[in-house]
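S.K.: Below are the chains, spelled out letter by letter.
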Amino acid sequence: MTGTILTPGSRVGAETMEKAARGRSLWDDARRRLLRNRAAVGGMIVLGLLVLAAIIGPYFTPYAYDQINKDHVWAPPLTQGHLLGADSLGRDLLARLLTGLRVSLAIGLVATTVSLIIGVAWGAIAGYLGGRIDEIMMRVVDVLYSLPFIFFVILLMVTFGSNIILIFVAIGAVEWLTMSRIVRGQTLSLKHKEFVEAARAAGLGDGGIIAKHIIPNLLGPVVVYVTLTIPAVILAESFLSFLGLGVQPPMASLGTLIANGAQDMELAWWLLVFPSLTMVVTLMSFNFIGDGLRDAIDPKDR
Amino acid sequence: MLRFIGRRLLIAIPTLFLVITVAFFMMRAAPGSPFDGDRKLSPEIEANVMAKYGMDRPLLEQYGAYLAGVVQGDLGPSLKYKDKTVLQILQENYRVSLTLGLSSIILATVIGVSLGVLAALRQNQTTDYVVMTIAILGVCIPTFVTAPVLVLVIASKLGWLPSAGWNGGALPNLILPIVVLTLPQVAIISRLTRAGMVEVLRSNYIRTARAKGLPENRIVRRHALRAAILPLVSYLGPAAAGLITGSLVVEKIFNLPGLGKFFVISALQRDYTVVMGMVIFYAALILILNLIADLLHAVLDPRVRLS
Chain A
1 MTGTILTPGS
11 RVGAETMEKA
21 ARGRSLWDDA
31 RRRLLRNRAA
41 VGGMIVLGLL
51 VLAAIIGPYF
61 TPYAYDQINK
71 DHVWAPPLTQ
81 GHLLGADSLG
91 RDLLARLLTG
101 LRVSLAIGLV
111 ATTVSLIIGV
121 AWGAIAGYLG
131 GRIDEIMMRV
141 VDVLYSLPFI
151 FFVILLMVTF
161 GSNIILIFVA
171 IGAVEWLTMS
181 RIVRGQTLSL
191 KHKEFVEAAR
201 AAGLGDGGII
211 AKHIIPNLLG
221 PVVVYVTLTI
231 PAVILAESFL
241 SFLGLGVQPP
251 MASLGTLIAN
261 GAQDMELAWW
271 LLVFPSLTMV
281 VTLMSFNFIG
291 DGLRDAIDPK
301 DR
Chain V
1 MLRFIGRRLL
11 IAIPTLFLVI
21 TVAFFMMRAA
31 PGSPFDGDRK
41 LSPEIEANVM
51 AKYGMDRPLL
61 EQYGAYLAGV
71 VQGDLGPSLK
81 YKDKTVLQIL
91 QENYRVSLTL
101 GLSSIILATV
111 IGVSLGVLAA
121 LRQNQTTDYV
131 VMTIAILGVC
141 IPTFVTAPVL
151 VLVIASKLGW
161 LPSAGWNGGA
171 LPNLILPIVV
181 LTLPQVAIIS
191 RLTRAGMVEV
201 LRSNYIRTAR
211 AKGLPENRIV
221 RRHALRAAIL
231 PLVSYLGPAA
241 AGLITGSLVV
251 EKIFNLPGLG
261 KFFVISALQR
271 DYTVVMGMVI
281 FYAALILILN
291 LIADLLHAVL
301 DPRVRLS
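Protein chains in written order, with my numbering: chain A, 1 to 302; chain V, 1 to 307.
One thing to keep in mind: the hints can contain errors.
Now the stretches of chain A that chain V is said to cover, found in silico as 3 or more residues with beta-carbon under 8 Å [what the hints assert, rightly or not]: (1) 227-240; (2) 259-266; (3) 278-284.
It is worth saying that the hints were derived from the structure and are not from the lab. Note that the structure is predicted; figures quoted are calculated from it, not measured. No residue lacks a Cβ here, since even glycine has one placed at the ideal position from N, Cα and C.
Using the sequences provided together with the hints, build the complete structure.
M.R.: Right under this line is the structure:
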């Protein structure tokens, strides 16, 4: 405090007052808290590098991911131009790993977007309309919850055959349930909050209330949940691939690479170790970012 | 209490009914039939086989007949495993899955709660950081990574434990699968417990208990823990679902004769009745666990009124 004396009619200190009144927005605060969180920042840097590697990496490997070379079968790491070794068909593990990472990240992103769209729409409609409709819509979610997820996806896969777009949609269509519950709960409680009433009393219209008060408060938990859904989706796809229902060869995902590595692990440890490490590092960076975001955005847990 | 259980069971029936309906029609919408073998059946034989299982009738009629059977506890014959009913398949194989699932959830709860409480009591000290690191690792290392790595190191290289097989449920065969299933659950449970505990320890009634001069031990055990594990209780349902997917992978890697195998294979082979049996079994399991979770909730938290 500068100790400015405020006299009626004086403009002295008005600037300070205005600045104080404007305050720091919710998002400024959140960003500051997020950037102070070392684990989250580390997660973001690692994830950035992984994404970069997945996007441009495949163009720089000496071999293509599906290039079979029978002279290089089970070449150990650092031999015959294979930085990470080669697999049972002599395919370069580095190239396959980068492609697999690309596929897994893409699945995570697309399937999460699908779940985001369905979940937010479903939850917001149920929460906003309330009453009977809300009850029926949430009953549907309950029922879908009691279907074992894996069964649902397996059914979708056998119904439509396993292709990569279907994997996106199938996993996204399953993962929206929690999202809809979160959004509904938030909408319900936000509708009746004092600050919404206060904003209304102060003369703010419905549009303004939704834009300035409901959505920012809804967005926090949703963003947090999105960062935690992406690794869940990557995991789900890997489970499917592990059971032979996911991405089909010669295409690769982290899940198929780990599954193949597990089969050949007695002969070629690198086929199991490098994909597993990549998987773990990817999941960890997402989780660190998600946890950091939750601490930064959700005021309850501060 | 009894009325509450009765009501919840009544609500569970339409839920189960809906689950059966969705699964039935999704399964039937899939192309292919259980009788598509390597050899193509002649049309007459196929028609006969279809007639034998009542699959020549209209779909809605089959659905009605199936529901009628389920109500009487008859899940029908398997279409692929000759001379076996779905109930027999369930009875013969549930034991492996149940043993694995129950032991790992009990083990995970005991270890997870202890670690979580320890971390909360030593908040922001080394113990706390160690436990939370374990928790993060447990969440981020999936079962299909831990399982092969443990098999490679402990079974193949060191030869301490068998790498696969059931062997009539002998303990050495069980250790690795249970460890693999338990680790991620320990991670989640210890995180939930720590979060709950940290919040509860800050609350007014704990301060009151401290002011009364109760020993720390008693405060933690009698007062704090009870409230702190409430979020954990709600996790029971999802945990069961997680164990199901986990056991699919674990049963495959360790070559165990559990239910998981039938789930995938039967769906791929269009063994309609077996798939339906699995769905009903798992859905009922999750519904029952959710009911137990609600009851525990009411027992632990007197503010919750069963209605």
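S.K.: For every hint, state whether the structure bears it out.
M.R.: So, going through the hints one by one against the coordinates:
1. 227-240: Satisfied; 4 residues make the cut.
2. 259-266: holds (count 5)
3. 278-284: holds (count 4)
Every hint, counting from the list given before, is met by this structure.
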